[in-house]
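Chains B and C: place on chain A using the hints.
Chains as they are written, first to last, in our numbering: chain A, 25 to 341; chain B, 66 to 608; chain C, 2 to 302.
Note that these hints are calculated values from the structure, not bench results. It should be emphasised that the depicted structure is a prediction, and the values quoted were computed from it without experimental measurement. Check before you lean on any hint, since a few could be wrong.
Partial list, derived from the structure: chain C residues whose beta carbon lies under 10 Å from chain A [claimed, not checked]:
hint, residue
1, 28
2, 29
3, 109
4, 110
5, 121
6, 171
7, 174
8, 205
9, 270
A short list of chain B residues far from chain C (calculated; beta carbon distances all over 10 Å) [to be verified]:
hint, residue
10, 304
11, 379
12, 390
13, 418
14, 448
15, 454
16, 568
The beta-carbon is built from N, C-alpha and C at its ideal position, and this holds for glycine as well.
Chain residues, written in single-letter form:
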Amino acid sequence: MTAHPPTYRHPSFGQRILRDWKLNKWKYVLIIPVLVYLALFCYKPMYGLVIAFKNYKPTRGIERSAWMDPWYSWFEKFFTDPYFGRLIGNTFTISLLTIVFGFPAPILLALLLNEIKSNKFKRTVQTITYMPYFISMVVTCALIRVYCQQDGLISDVAALFGGTRQNWLMSSSYYRTIYIISEIWQTIGWNSIIYLAALSSIDQEQYEAARIDGANRFQQCLHITIPGIMPTIIILFILRMGAILNVGYEKTLLLYNSNIYDVSDIISTYTYRLSFGGGTPQYSYSTAIGLFNTLVNVVFLLGTNFFSSRVSENSLF
Amino acid sequence: MKKILALALSLCLLLAATTAFAADLLPAGDRYPLNSDKTITWYSQDCLNPHEKFADWTESPFHTNLAKLLGVDIQWSFPTTGADGSSFTNTMMADPGSLPNIMKGYFMDQANMLLEDEVIWDLTDYIQEYAPAYYAWLQTNPAYDRAMKTDDGRYYAFGFFREDGGWNDSYLGVVVRQDWLKECDLEVPTTISELENVIRVFHDKYGAQFAFPNDARFRQAGIQGAFGAYATGYVASDYGWYVKDGKVGFGATQPEWREYMKWMAKMYAEGLIDQDSFSMDDTSIKAKTETGKAGVSVTSMGQLNIWNKEMGSDTWIGAHFPTADDGSISSQFGGFGIGTHTTVITKTADEETMKLCLQMLDYAYTQEGFLFWNYGIEGESWEYDENGVPKWTALVAEDNDNDPMTKYNGATWGNSCIQATNLLYLKNSPVAIAANDAFFYTFGKDEYFADPEVEAKTLAVTGGWKWPVGITFTTDESDQLDLLGGNSNLNTYVAENYASFITGSKDINDDAVWEAYLAGFDSLNLEKILAIRQGALDRYESR
Amino acid sequence: MSTLNHSSNKIKESVGSRVFDVCNILFMLLLCFVTLYPMWYVLCASFTKNSYLVAHPGVMFWPHGFTAGSYKLAFSHPLLLSGYKNILIVLLVSLPINIVLTLFCGYVTASKNLMFKPLIQFLVMFTMFFSGGMIPAYLNVRDLGLYNSLWALILPGAMSVYNSIICRTAIQGVPESLTESAYLDGANDIIIVFRIILPLIMPTIAVLLLYYGVGHWNAWFNASLYLADNDKLPIQNVMRSILIANSNVLNSAGSDNDMVNEFAEAIKYSTIILTTVPVLCIYPFLQKYFVKGVMVGAVKG
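With the rest of the complex left out, here is chain A (with noise of 0.2 Å):
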């Protein structure tokens, strides 16, 4: 982009490329079994988005399978559902609750693991807090559902301050906070890891260098630690960013009940029914949602790229 001396010739393509492939021949290399793979096993059944736009039976193929007419009918169905605007609102309702408390968590607690002194404890600690993850969808909700009884667990504490013994899951207004504490709950180990794992890769005599200059062990934090996982950070939160609308089914499916639907039904939850609420499977609906929902995640994910790459030198891209 800078101006070129008057005497400097701009390269032809053929130049640049030859030139290009003088400098960087090995990277290309290395970049060919990558591609290779994505070809093979991600580009070559991509095909099978078009069934979005056709009504798609798997007896006869995808080719034989008639277009849609018009073409757009299963985004149109989608879009006047009755249910809509409550799935689109649900979904990014519990996803961005799962942004603002589950993001964060396993960010402090590596931070916080950071500072404990001992390695013994902080290693017990660590994996202590890994292992939730572990535990099957269908136990953790199982275990929920039990605490939620309206004899159970949570009852109980409601009942020595005073509250009346309830059901929780029976009502709207737990069932989001239910669904996120135990989301952090089951995840905050696991998806500490990754911060850890950066937090040890910080050159520690930067530590001595601020010590030295009398920074306590917050200003320490503040200026060394945080700036030093900020990448990761910012890369993931990008990443997750480009997810939003990526709710899975099976959590909700296994706390929800038909009288909570107002605030726990969602789109995967929606397209799930489709697929095994009896009779066959609506394969091109199905695509069709998701493809919406790709679109969706794209544009977050771009519009928070964005905005990083302005106010930081992070981006995906």
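The following block gives chains B and C in isolation, referenced to the frame of chain A:
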């Protein structure tokens, strides 16, 4: 009404004929073994997987014996263990060129399309010659024949039938604590007021409530019949629809259904219904039923067995579906004794192979085949008792594995065969059998056998009002239903309002609320969906 | 490192700092209790009789009526051993492929002055959002002749774009001067990746190993579609089948069997123990990379 009666009567005829012993009526299977040198590939989506103790089917007596008896090599395949059967089948169908020759799945919905696209064989021209036993069986009952062909009369599948007709299709019902009834000096409830009274007394005396797994059990079983309503409004798996005088109706819009909701709302408001009911499944309900927090519930005979195992053999017993106080009842949980299972022959079999497959499948509907599919090989897994009724040998009786009979038989669940009633008797405890009797014989068991009118009445309230098994939509109709939102949105809407009505977050007694609820069905295309269903039903009736 | 520095520091720590330490430790203890208790519950429940579990779903501190029956039931499954064997094969073959591809992808996308980098980046990122779906993927596996072979579990997930981005972020943190000087010494990129980059981003590689490993370990869906023989199934599918078989009391005919009644609940928990413990054991080995840290400074010097 005439049509229902006709259907009911035909079911009666069958029952009268078969209560003795179906095998005697079936033709002999003297054509077997077939001695073919072909190898047939046979896939079963479910209900026929080799017993979990076997690493694969080559170790399974049923699968290997069947090949021997048929005289044809069979290469079995199943969804891999732990896989979801329907996804597995659907994915397989995406590669029609490499399908197994015989496939057991649930193809009724897609039958027309599969025939049009030549994925499966149209068996009409071959069935009488190569599957005479099956054809004869279908002719014993017009309902069977009707269920197993398309609207234009094409045969395409082998089906699953219960020897006794509808009895075991009423496997869900109201259950009560018998020991408490005795302590409180109460009779087993038969009317809705008696049921309410029992719930009330149990609540006052034991602090127990009416508790049930809502989605898993109660919304299928339903006790709407006491209020004159048909169908529960549970759209998933067709419990939401009913057929009355040849007209299709939707369960959750009837005024009688509103009365049912009013009663439930009243019970809930008084604290007689357990709040946890809406989020319970078969496992969590046990925490209520086995600890005295529930005295009345709704469940299956299989679950009843399990509850009693922990609590003493006859703590929980089955009760009749509650009737109105004048003894009338419009509908209850039940069926026709016909399964939705279908076994088809795919086009990967050439014509000769297809004929061979027909004969192989026909075996299950012969005398010998019936016995083999239900009990295995005589002298090995079963023998006749002193009354001439099959019973297990020690090989099965002393086997402690899960459902050991499934190592030797194929009719325990659902497949291309006729399930012997005796098999269910051998499998379940006497209390569970008694409960199933109570669920099914709403107007009395003795009366049922003594009085043809009672029999007809019973069949009318169990299976008679139901959306019949074997109705097929045209490809075009299923596409329209998909675009109209089909069952999924209706189900969500009803489930949500059902819960709101009962818990009182919407006042069912308020006419404005009810009107608004009814108006909500417009955006869900209920009218159009009903019209499509009516068309399919009419075609079915005129088959 | 930091601990050493802390203790050798002669400056007396402020009161605030000490209060913070105490609070921090208390908080960690609380967190440990909150997370440990349900795990402990799962362990206890796996040894407890069904009848007790059903009647007392609440607080439990000790197995009641100690029985290893649910484990016996699980161990009697004919596919258990082959399940562990298969997942071991998948892990041993997959992980090196995963790491090498991720490292290559991360390295190339982190490098500057590459003429076709935007194109490469786009090709990589695009697959993170768009995929053909279940059925085209299935047909592709059949097409490539991978159906019913363990390769069907290894190759389709050979690289995760998400992980390659994490890897790229780590590589971007490596000082450029290091690679520059290596170039001057005549090293090519392959040597640089393995000799210089790899040792420096070891903590990240440890995380990626864990991510990939746990991903393979927990995966069951592809195996359930891409494999036809039961003896090729990995352990998760075997466990699922045990779970399903023992909760399959839903069918109308009902089940009278003692084993089912006795362990239907407990088996849920014992399968978790059987599938989780092996993963938990691996963690401490990888963990040392996060605790020790990497002596970037030392290499720099």
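These are the hints, each one checked on the structure:
no. : hint : result
1   : 28   : holds (7 Å)
2   : 29   : holds (5 Å)
3   : 109  : holds (5 Å)
4   : 110  : holds (8 Å)
5   : 121  : holds (6 Å)
6   : 171  : holds (7 Å)
7   : 174  : holds (6 Å)
8   : 205  : holds (5 Å)
9   : 270  : holds (7 Å)
10  : 304  : holds (14 Å)
11  : 379  : holds (15 Å)
12  : 390  : holds (31 Å)
13  : 418  : holds (21 Å)
14  : 448  : holds (20 Å)
15  : 454  : holds (18 Å)
16  : 568  : holds (23 Å)
The structure shown violates none of the earlier numbered hints.
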